[in-house]
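Peer 1: Model the full assembly from the supplied sequences, consistent with the hints where possible.
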Amino acid sequence: MPLDPEELQPLAQPLSVEDQDLLPEGGEAQEDGGFLRNMVRVFAENKLAIVSLAFLIFMVLFCFVGPHLYVTNQTNAQLALQNSTQNAPPSSSHILGTDDTGFDILGRLMYGGQISLIVGFLAAIVATVLGVIYGALAGFFGGWFDSLLMRFVDIGLSIPVLFLLIALVTIYRPTASLLIVVIAAVSWLVPARLIRAETLTLRTREYVQAVRVMGGSRKRIIGRHIIPNSVGTIVVFATFDVADSILLLAALGFLGLGVPAPQTDWGTMLSNGVNYAANGYWWEIYPVGLCIVLVVVALNYMGDALRDALEVRLQRR
Amino acid sequence: MLGYLIRRLGQAIIVILGVTLIVFILSQLIPGGQARAALGPRATPAQLRHFNVVNGFNQPLWVQYWHYILGLLKGNLGYSYKNNQGVTALIMNRLPKTITLVGASTILALVVAIPIGMAQAVRRNSAFDYTMTAVSFFLYAMPAFLIGELLILFFSFKLHWFPSQPPSDASAWAVFTDPRAFVLPVLSLAALTIAGFSRYMRSSVLDTLTEDYIRTAKAKGGTPRRVLYGHAFRNALLPILTLIGLTLPAIVGGALITEDVFNYPGMGLLTVQAAGNDDIPLVLGTTLVATIATVLGSLIADLLYAAADPRIRLEASE
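So the sequences go chain by chain: A and B.
For the first sequence, the positions run 6 to 322 when this note's numbering is used.
For the second sequence, the positions run 41 to 358 when this note's numbering is used.
The set of hints was computed from the structure by calculation and includes no laboratory data.
None of the values given here were measured: they were computed from a predicted structure.
Ideal Cβ positions, reconstructed from N, Cα and C, are used throughout, including at glycine.
Incorrect hints may have been included.
If you want a taste of the chain B side facing chain A, the calculated C-beta under 7 Å gives, among others [unchecked claim]:
| no. | residue |
| --- | --- |
| 1 | Ala181 |
| 2 | Phe185 |
| 3 | Leu246 |
| 4 | Leu249 |
| 5 | Thr250 |
| 6 | Gly316 |
| 7 | Thr327 |
Peer 2: Listed below in structure tokens is the structure:
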């Protein structure tokens, strides 16, 4: 996957000396509610982000509510082969035409979209949770423990993601739930690094040291102070990671390693469609390609807006 | 410089050792073990036992890992039972083609992205800047396979300018003998990185323009052209070497998809075919080789950076 250079740096820069003087002392977790509200407001001022959010909500409704309104057969290949023409162009009976099995493409976009969206979202959540815990532990304990954990992250990050993903998928035959685990397994490394960097700056703050002096347990410091205060960074990463996970799943599907039939996902659909690229069956390529690109663009715009909101939050406090 | 070189080399060796450990662990995770993967689901327990004894898979794990490492040092990456051929031989046939593809497209991406990023920084917030930002955002969101397919649809099927795939037995040198067949794969892979590179270049130039030495150069009466070309651009160019090193894993991953789209007979296509074939030893072999190639590529990029920028090697040798 292409790499956004900005993602390579910690999302929240350490505060400058000036900013630190302005910080209110003692940031318990509740403080963050105020920061979050501030973030939401800045986010809402960004029109592109709001349009993106609206589009994503529309796509979720399209994929999950749509099949109840626009009922099509998407599971029985036998029936589809009997009842409809294969590779039929768009018409009144099939708004976006049919594929090579005779499945209705519009219905298939919804059906495949369910897998793409569920896998994308859940993989991002699993990866973020794993990475946050790992990074917070490494950053908080420091020393050789931190070096060991981070060296492992370095090693993991040096393996090209797709190769690792393909190796995992070849060893364990893919099902939708397994794909969530596998995609999460290759994408928790980046948040681990981000949260570690954040933890390193947070753990020297006065309020964290104060908790420590007062005898607060390590569990309490990490769980009540460090993770809640990194919530902005976490949310921004998770948003970008949903986009990346959807792309990774699409890439696997395109390579023929997506969910097994009769299930499908957008990547598998596209892979199927491009077999007929030379025949000019555009309805099997462009609609599903557009779905992938637009969802990913929308998520990236949202991630950008959240990052801006986070930066504004840091500037204002 | 020597201190930095040794430290950076040691780092690369640790990473490579770690990757061999990960690949070894993956090979242990195969359900039913390597014997089952090699002999298939119908093998009898006696056959499986025999296979394990012959191949040493009944020994303690650390002994197996040790033998694995010794084998790697001799260039033995394992055996592909599906192909009845050593993994090393299969990969060595394909590796040069992937290196050619990655190298050519990275150079193309740099040649295109650097001037664009510079122009964007110089004319910051102009219509050109906004347009290029929008384009790079769009390119960035495009999945690799979609860029490739769109290029095929347009340039190959519609305009008939370029073939949609290179000759299947093409050697790495075919780039020079039959360049037309390589235009689309290289273009498609370059498109992925142009977005990232140009955005990075833009911010790098903008950062450099705020440096003290730029102000000094202006104060000494340097013409804008001289300040820009003689001072700003030269300094802004350096960090992109690091970016190449960092982006390399992503480029190699992108190459895998590009090779699949264009049926380009490199290591990525070999991996995809092996995955479709359940050939686990081959997939693990290509994963290891792709990673080692990536680590070495990053190492070279970092060493070049250190050679070009005295600040890096001085800082590192402290």
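Peer 1: Take the hints in turn and mark each one as holding or not.
Peer 2: Each hint tested on the structure:
1. Ala181: holds, 4 Å
2. Phe185: holds, 4 Å
3. Leu246: violated, 13 Å
4. Leu249: Hint violated; Leu249 (chain B) Cβ to chain A Cβ min 18 Å, cut 7 Å.
5. Thr250: Hint violated; Thr250 (chain B) Cβ to chain A Cβ min 15 Å, cut 7 Å.
6. Gly316: holds, 6 Å
7. Thr327: Since chain A brings a Cβ to about 4 Å from Thr327 (chain B), closer than 7 Å, the hint holds.
The structure does not agree with the numbered hints 3, 4 and 5 stated previously, though it agrees with the rest.
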